[in-house]
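K.L.:
Please model the complete structure; the sequences and the hints are all you need to start from.
First to last, the sequence lines map onto chains C and D. If you're matching positions, the first sequence starts at 4 in the numbering used here and goes up one per residue. If you're matching positions, the second sequence starts at 4 in the numbering used here and goes up one per residue.
Note that these hints are calculated values from the structure, not bench results. Take the hints with a grain of salt, since some may be wrong.
Note that the list lumps identical chains together, so a pair holds whenever it fits in one copy or between two copies.
Said to hold, decoys possible - 27 Å max Cα-Cα, derived DSSO-like pairs, lysine-lysine:
(1) K48 with K337
(2) K151 with K28
(3) K337 with K320
(4) K28 with K344
(5) K114 with K134
These numbers were taken from a predicted model, which means no experiment stands behind them.
2 protein chains.
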Amino acid sequence: MRIAIVGCGQLSRMLALAGIPMGLKFSFINDNAQPDTTCVDGLGKVVAWQPGDEFSALYAALGEPDVVTVEKEQMNVELLIGLQAFCPVHPNPDAVKVCQDRHQERLLLDKLNIPCAGYVYGEPLDVCAEKLSLPMVIKSCRDGYDGKNQWVLKTPAEVMALEAEFAGQQPLNRDYIAEQFVPFDREVSQVSARAVNGDMRHYPLTENRHDKGILKQSIAPAPGASDQLQQLAQQHMASIASELDYAGVLAVEFFVCGEQLLVNELAPRVHNSGHWTQSGSDSCQFENHLRAITGIALGSTAMSGVAGMVNLIGTEKPALSTLTADSKLHWYDKSVRPGRKLGHMNFKAANTDLLLAGMSGFSRSLEG
Amino acid sequence: MRIAIVGCGQLSRMLALAGIPMGLKFSFINDNAQPDTTCVDGLGKVVAWQPGDEFSALYAALGEPDVVTVEKEQMNVELLIGLQAFCPVHPNPDAVKVCQDRHQERLLLDKLNIPCAGYVYGEPLDVCAEKLSLPMVIKSCRDGYDGKNQWVLKTPAEVMALEAEFAGQQPLNRDYIAEQFVPFDREVSQVSARAVNGDMRHYPLTENRHDKGILKQSIAPAPGASDQLQQLAQQHMASIASELDYAGVLAVEFFVCGEQLLVNELAPRVHNSGHWTQSGSDSCQFENHLRAITGIALGSTAMSGVAGMVNLIGTEKPALSTLTADSKLHWYDKSVRPGRKLGHMNFKAANTDLLLAGMSGFSRSLEG
Numbered sequence: 004m005r006i007a008i009v010g011c012g013q014l015s016r017m018l019a020l021a022g023i024p025m026g027l028k029f030s031f032i033n034d035n036a037q038p039d040t041t042c043v044d045g046l047g048k049v050v051a052w053q054p055g056d057e058f059s060a061l062y063a064a065l066g067e068p069d070v071v072t073v074e075k076e077q078m079n080v081e082l083l084i085g086l087q088a089f090c091p092v093h094p095n096p097d098a099v100k101v102c103q104d105r106h107q108e109r110l111l112l113d114k115l116n117i118p119c120a121g122y123v124y125g126e127p128l129d130v131c132a133e134k135l136s137l138p139m140v141i142k143s144c145r146d147g148y149d150g151k152n153q154w155v156l157k158t159p160a161e162v163m164a165l166e167a168e169f170a171g172q173q174p175l176n177r178d179y180i181a182e183q184f185v186p187f188d189r190e191v192s193q194v195s196a197r198a199v200n201g202d203m204r205h206y207p208l209t210e211n212r213h214d215k216g217i218l219k220q221s222i223a224p225a226p227g228a229s230d231q232l233q234q235l236a237q238q239h240m241a242s243i244a245s246e247l248d249y250a251g252v253l254a255v256e257f258f259v260c261g262e263q264l265l266v267n268e269l270a271p272r273v274h275n276s277g278h279w280t281q282s283g284s285d286s287c288q289f290e291n292h293l294r295a296i297t298g299i300a301l302g303s304t305a306m307s308g309v310a311g312m313v314n315l316i317g318t319e320k321p322a323l324s325t326l327t328a329d330s331k332l333h334w335y336d337k338s339v340r341p342g343r344k345l346g347h348m349n350f351k352a353a354n355t356d357l358l359l360a361g362m363s364g365f366s367r368s369l370e371g
Numbered sequence: 004m005r006i007a008i009v010g011c012g013q014l015s016r017m018l019a020l021a022g023i024p025m026g027l028k029f030s031f032i033n034d035n036a037q038p039d040t041t042c043v044d045g046l047g048k049v050v051a052w053q054p055g056d057e058f059s060a061l062y063a064a065l066g067e068p069d070v071v072t073v074e075k076e077q078m079n080v081e082l083l084i085g086l087q088a089f090c091p092v093h094p095n096p097d098a099v100k101v102c103q104d105r106h107q108e109r110l111l112l113d114k115l116n117i118p119c120a121g122y123v124y125g126e127p128l129d130v131c132a133e134k135l136s137l138p139m140v141i142k143s144c145r146d147g148y149d150g151k152n153q154w155v156l157k158t159p160a161e162v163m164a165l166e167a168e169f170a171g172q173q174p175l176n177r178d179y180i181a182e183q184f185v186p187f188d189r190e191v192s193q194v195s196a197r198a199v200n201g202d203m204r205h206y207p208l209t210e211n212r213h214d215k216g217i218l219k220q221s222i223a224p225a226p227g228a229s230d231q232l233q234q235l236a237q238q239h240m241a242s243i244a245s246e247l248d249y250a251g252v253l254a255v256e257f258f259v260c261g262e263q264l265l266v267n268e269l270a271p272r273v274h275n276s277g278h279w280t281q282s283g284s285d286s287c288q289f290e291n292h293l294r295a296i297t298g299i300a301l302g303s304t305a306m307s308g309v310a311g312m313v314n315l316i317g318t319e320k321p322a323l324s325t326l327t328a329d330s331k332l333h334w335y336d337k338s339v340r341p342g343r344k345l346g347h348m349n350f351k352a353a354n355t356d357l358l359l360a361g362m363s364g365f366s367r368s369l370e371g
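P.N.:
Given below as structure tokens:
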């Protein structure tokens, strides 16, 4: 069985590494002329594609895959629609399309009565400010990730400055939602797998800590999360995945406000906040994504103890002496650039105190 | 960091798959003109070597590895000695040499006062029969694995028949030990990792079930094994590994007779009876072998629940529908031949009853 993945980054790499043991074969679609495909070196053929290229030629060059999947949502959905003529595509193109546009996401959530922060779409910034009152957060509908294309506006002067900036730009860049600033307690994410037949397996709710918009650390299960909160997250997840007729791993990011969950965004793929599952769960998210899209029974998502992850961002490969008995290094073999996600370290421990001690010890060793 | 492995089989494959996530690089030495190296396709360069070839050219072709290791003991040790001029070799050539010869193994065990079945070396078969009394087991000193080159002799007629068979053969084939037949309760193995600095981590004692000399199933921890038996196995392991100045994963197979352990044989490498660690342990034997030989802190060998493995021998790849939430397929991508180890299925469960139910359900599905 062969799986073609759109994208040549670390998520594709880790999907392939999870599937090769099972005897699955992989090929990769380089759909945006990415010059650096070192992440997937040796793991399968890389085939370039650009709009206008024949889908039959692409399908043949990929080795006639049995299923096509994605490692990202920011892509030309026509590629997925074109390949659907040859084999199943999971998640389906419509699901990817919804998740690549914040406004579409909001319409879906509104339809399902799933709460998110109050928002305004399609209005000038000053009208948004009036309707929501300041501070508010402006988020581009597309290409917003790792804190990019987001602006927190606190004063009328900041609103005017951004209005002026947008005025000179392409319409797509001016396509945004304005969102009420939510004074949330913390951010968590629900990562779950849904099989083609509708079966679901949920990982425990994960707490995520960001720095300048980029995920820095995850801890699972989210410390102190009540059963009620966990169930609420799973209910929202199930309702979204079912509505999208989704197959694969789906991630939903939430703001936690007391016992309330507000959806921040959806990711139709394996997710950085699920990387800890490589150490902490009986089946990692990468394996379960593959199981979900190929019709293999979903793997157990049981965990013993607690787990965590520290992202390695813009830093040289850590010395192997920083590894302990309870940590695992995942290095993506990318060239080092500031702000770039280059790897992560997973941690496992018997309890949260020990986990945090291990994680902060490692983080200190990176800075020192 | 680059690691070169002697051998291109499934153990090399699984070592590489355990190391690639850490950013380790691999190359493989095809030292016996093995035509089928599909196991390691894509995982690193394969370099052929035969006696007489220059070691400096080999070392360069391998990409100047930082350390050399092995996936097997039946090999020309001159290869390891030759490469030692360029980089560390773990386990060391002397250790491999001892483990590739049953008589050398026995001399080592005798020196360490570690019990094994009574044996005779260097005597004609009829003398052995007289000294040990029948039944006895004849085991070639070299090239004995998976039940090959072993003979159980129960009657004087069988002794004479084998004597006649040996008479026409090369001296090496007639190099054997004769061993008392041990009416053992079961076979178990101890798999442990020893780091370059002497640190050790032990996996729980594993029970192994064979069919026609080939390992068919493993279960860990060995059901009902007392703490005392576990400690005894670890003591023997530690004493052997220390005496050999060993770095890497070492496996010791034992016969269990009541609360006594008799060493059957040693394997200076990751071992089939440790494959369950991929599912059942915080760190699998492949990762710990790499950690041990590269100076990375050994990974935790803690396990939750129980784990087992079923070998896939001479059979087509099982249908993916045979996978359950608690099983993981490892398929080696070799061509199918009768009697050949082609893959294995790992199982995890909360207790031994559930584990055995899962394993036998799968085994039945293979036969059906």
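K.L.:
Against which earlier hints does the structure fall short, listed by number upward?
P.N.:
When the structure is compared with the hints, only number 2 turns out to be violated.
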